[in-house]
Amino acid sequence: MTETKTKKSVTKPASQRPPAALGKAKTADEITRRSFFSWLSIGWVAFIAATGSFFTMMLRFFFPNVLFEPVQTFRAGYPEDYTIGEVDLRWKDKYGVWLVRNEEGIYALSTVCTHLGCTPNWLGLEQKFKCPCHGSGFYKTGINFEGPAPRPLERYKITLADDGQIIVDKTMVYQKEKNQWNNSEAFLKV
Amino acid sequence: MLEKFRDTQFYKSIFRGGGVPKSRRQRMMVVLNSVFLHLHPVRLPKHAVKLKFTWCMGGLTFFLFLIETISGILLMFYYRPTIEYAYTDIIDLAEQVPFGIMREIHRWGAHAMVITVWLHMFRVFMTGSYKPPREFNWAVGVILLLLTLLLSFTGYLLPWDQLAIWAITVGSNMARATPFFGYEGPGASLLAIGDINFITMASDARFALIGGRFMGEAALLRFYVLHCIGLPFIIMIFMAIHFWRIRKDGGISTPV
Chain A
1 MTETKTKKSV TKPASQRPPA ALGKAKTADE ITRRSFFSWL SIGWVAFIAA
51 TGSFFTMMLR FFFPNVLFEP VQTFRAGYPE DYTIGEVDLR WKDKYGVWLV
101 RNEEGIYALS TVCTHLGCTP NWLGLEQKFK CPCHGSGFYK TGINFEGPAP
151 RPLERYKITL ADDGQIIVDK TMVYQKEKNQ WNNSEAFLKV
Chain B
1001 MLEKFRDTQF YKSIFRGGGV PKSRRQRMMV VLNSVFLHLH PVRLPKHAVK
1051 LKFTWCMGGL TFFLFLIETI SGILLMFYYR PTIEYAYTDI IDLAEQVPFG
1101 IMREIHRWGA HAMVITVWLH MFRVFMTGSY KPPREFNWAV GVILLLLTLL
1151 LSFTGYLLPW DQLAIWAITV GSNMARATPF FGYEGPGASL LAIGDINFIT
1201 MASDARFALI GGRFMGEAAL LRFYVLHCIG LPFIIMIFMA IHFWRIRKDG
1251 GISTPV
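Here the protein sequences come in this chain order: A and B. Using the working numbering, you'd call the opening residue of the first sequence number 1 and step up by one each time. Using the working numbering, you'd call the opening residue of the second sequence number 1001 and step up by one each time.
Since the hints were derived computationally from the structure, they do not count as laboratory data. Fair warning: this is a prediction, and the values are worked out from it, not measured in the lab. Take the hints with a grain of salt, since some may be wrong.
[To be verified] Cβ pair distances, simulated, as ranges:
(1) A/Asn179 x B/Val1142: 36 to 46 Å
(2) A/Ile48 x B/Trp1244: 23 to 33 Å
(3) B/Glu1184 x A/Phe36: 27 to 37 Å
(4) A/Gly96 x B/Ile1237: 34 to 44 Å
(5) A/Asp29 x B/Leu1149: 56 to 66 Å
(6) B/Ile1196 x A/Phe68: 50 to 60 Å
(7) A/Thr141 x B/Leu1145: 17 to 27 Å
From the three backbone atoms N, C-alpha and C, an ideal C-beta is built for every residue, glycine too.
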């Protein structure tokens, strides 16, 4: 062992000698330690990149491009179809919207309770929305007054189409606590 | 007779090592050589089989898991996870399919499993069995608890009755408040460029969970796949680790 070591240090000083070349003549197709490690790291980088992109694909896969849900914008007939002072239930099941008409106009209330997302019932006798899950209560305006709900019901964008029909757009949401109910699209003046 | 059978090539080819175990070492090898038995310790201290010490809660949990797996697979032969059929298939399972009790077994087994998991955890805590070298196995156990609860949660939706729909509505709404990845959660508005929010009702954690903005057919299918394949697959991996670690950490802990 010691013998070979002295032999080599004679041929070349240790500092200039690459470790891979120790005691071996290099031929063209020989795998050196250095090339082995560079190929190994290329391999690892490729492997990590492939795995990473597959996991990205997997994540994106859970977000479909087309949703088979009810449309978010719908025509709700003419303003004359709605009685002043009444909460209209006809779009509740299909679109999750109450249309309420008062003396000044119509607003579209979301049927999603602001507590945990159940659907309250309109109680005509007591003039309030009452949630069956945890008992939150809302006035006809949508403002919460009892139970655990932390904020008023949301309102949706409501406008008139060219033919005079009401259009409710559920993608636009107006929240009272953000002072958005004053927005002209949150209330349809009739 | 049995000894003769144990010496046949047939027996020896199935049970590695084969033959009649003659020494302590050979008896030990019988356990170590079986893929099922090797998860289990080769020797048990006397106290480990005392009901007073273990309550057998871990074993009961595993037993209930097996019941859930078998009854669950049986239910899958009749249940269709669509809005049109889900509820009526459950009624059908209870009223028309032979042994309508199968669905009840699955349901009550699930309740019981949650209870035994908690009691097992309680026992392990009270006997101090979470202490080193078993602290990692405690962590694995917490993951198993979480997976058990998730299995309960995903199974909850499948009957598609009013209770199921609203319970999952309420439950999944919690995901809205996920930090950064829930659209009502803290930090969600930070993930935006100018006016464009990346975390909206149609791209947040809740959306990924229920496959839509509202509880619907996509949610039913997602929960079905998670309940029948996704979560059982993950829980079995952790169960294997859990059992194997008991052996590696020196078997069931000894009473002080």
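Verification of the hints:
1. A/Asn179 x B/Val1142: 36 to 46 Å: Holds - the Cβ-Cβ distance for asparagine 179 of chain A and valine 1142 of chain B, about 45 Å, lies within 36 to 46 Å.
2. A/Ile48 x B/Trp1244: 23 to 33 Å: Distance hint for isoleucine 48 of chain A, tryptophan 1244 of chain B holds at roughly 29 Å.
3. B/Glu1184 x A/Phe36: 27 to 37 Å: Because 53 Å falls outside the window, the suggested range is violated.
4. A/Gly96 x B/Ile1237: 34 to 44 Å: holds, 40 Å
5. A/Asp29 x B/Leu1149: 56 to 66 Å: The hint (56 to 66 Å, Cβ to Cβ) holds, given that aspartate 29 of chain A and leucine 1149 of chain B are roughly 59 Å apart.
6. B/Ile1196 x A/Phe68: 50 to 60 Å: violated, 25 Å
7. A/Thr141 x B/Leu1145: 17 to 27 Å: violated, 45 Å
The structure fails hints 3, 6 and 7 (numbered hints given earlier, in ascending order).
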